[in-house]
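Residues 2 to 205 (my numbering) make up the sequence shown, in order.
Among these hints, one or two may not hold up.
Said to hold, decoys possible - Simulated DEER-style distance windows between Cβ atoms:
no.	residue 1	residue 2	range
1	Asn9	Pro37	24 to 32 angstroms
2	Ser181	Gln96	25 to 33 angstroms
3	Asp163	Leu8	22 to 30 angstroms
4	Glu158	Ile70	45 to 53 angstroms
5	Ala18	Ala142	15 to 23 angstroms
6	Ile79	Asn9	18 to 26 angstroms
7	Lys157	Lys180	35 to 43 angstroms
8	Gln68	Leu174	19 to 27 angstroms
9	Leu74	Thr23	20 to 28 angstroms
10	Ser20	Glu51	15 to 23 angstroms
To be clear, the hints were calculated from the coordinates, so they are not data collected in a lab. None of these values were measured; they are calculated from a predicted model. Yeah, the Cβ is synthetic: ideal placement off N, Cα and C, and Gly gets one too.
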Amino acid sequence: MQEVYWLNHVVQPVRFAASMKTLHQHGYKVFVEIGPKPTLLGMGRQCLREGVGVWLPSLRPGQGDWQQILQSLGELYIHGVSVDWWGFHRDYPKQKIVLPTYPFQRERYWLSPKAISEPAASIGNQTSFKPNKTDTEDTVAAKIQSIISEIGQIPKEKLNLDNTLRELGFDFLMLMEMKSRLMATFPIYKDLPLKVLFGSATVG
2 MQEVYWLNHV VQPVRFAASM KTLHQHGYKV FVEIGPKPTL LGMGRQCLRE
52 GVGVWLPSLR PGQGDWQQIL QSLGELYIHG VSVDWWGFHR DYPKQKIVLP
102 TYPFQRERYW LSPKAISEPA ASIGNQTSFK PNKTDTEDTV AAKIQSIISE
152 IGQIPKEKLN LDNTLRELGF DFLMLMEMKS RLMATFPIYK DLPLKVLFGS
202 ATVG
């Protein structure tokens with residue numbers, strides 16, 4: 002029986018797009034990729050309507066593993082996912098402190114979780130740019146940087162403009178999505194060779 006399973010796994014096509022649409026139809030809006038790179042997140046976004054879903058990586062090249070996991074865990078919490086905080090802190094000694102400093106300043110600073118059924122705000126949304134003849138060089142550069150930030154799941158403030166796309170962790174599938182987004186945003190890039198993105202040109 003096990004042999005039949007693995008045989009089918011090898012010879013049958015991967016129905017990734019159909020799986021994503023099925024999850025969406027069942028009301029799933031938060032997607033976490035468990036892997037070393039956020040490759041499937043880009044593919045998943047292409048399967049659903051623009052702006053649908055919250056897309057979170059577990060790991061990402063160029064960013065500390067612990068920092069990335071904590072960031073995605075925090076996003077899950079504020080979008081209404083129940084987190085076992087006792088289990089999360091079980092292996093780490095913690096000390097509870099009173100904030101703010103003065104006892105009479107009794108204000109709460111906890112984030113209130115959102116319901117999962119609510120539409121995602123801006124997390125993972127793909128910005129839709131409409132090319133304009135009045136776009137300046139700075140405007141075009143800002144749009145390209147936004148596309149890189151969204152595909153690579155890299156916050157704009159942490160985007161190093163001196164790095165190449167490869168150094169930012171882009172693989173073949175992410176470069177394909179990059180080309181597709183550039184062609185949709187800037188018609189002038191309709192004949193953009195993929196080797197340009199594979200080259201050594203930097204983000205800026």
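Evaluation of the provided hints:
Range check, Asn9 to Pro37: Cβ separation about 26 angstroms, and the 24 to 32 angstroms hint holds. At roughly 49 angstroms, the beta-carbon separation of Ser181 and Gln96 lies outside the given 25 to 33 angstroms, and the hint is violated. The hint said 22 to 30 angstroms for the Cβ distance between Asp163 and Leu8, and at roughly 48 angstroms that hint is violated. Checked against the hint of 45 to 53 angstroms, the pair Glu158 and Ile70 fails, with Cβ atoms roughly 19 angstroms apart.
Between Ala18 and Ala142 the C-beta distance comes to about 32 angstroms, which lies outside the given range of 15 to 23 angstroms. Checked against the hint of 18 to 26 angstroms, the C-beta distance between Ile79 and Asn9 comes to roughly 40 angstroms, which is inconsistent with it. Checked against the given bound of 35 to 43 angstroms, the beta carbons of Lys157 and Lys180, roughly 21 angstroms apart, lie outside it. Taking 19 to 27 angstroms as the suggested C-beta distance range, the pair Gln68 and Leu174 conforms, at roughly 24 angstroms.
Roughly 26 angstroms separates the CB atoms of Leu74 and Thr23, a value that falls within the hinted 20 to 28 angstroms. As the Cβ distance of Ser20 to Glu51 is approximately 19 angstroms, the hint placing it in 15 to 23 angstroms holds.
Comparing the model with each numbered hint stated earlier shows that hints 2, 3, 4, 5, 6 and 7 do not hold.
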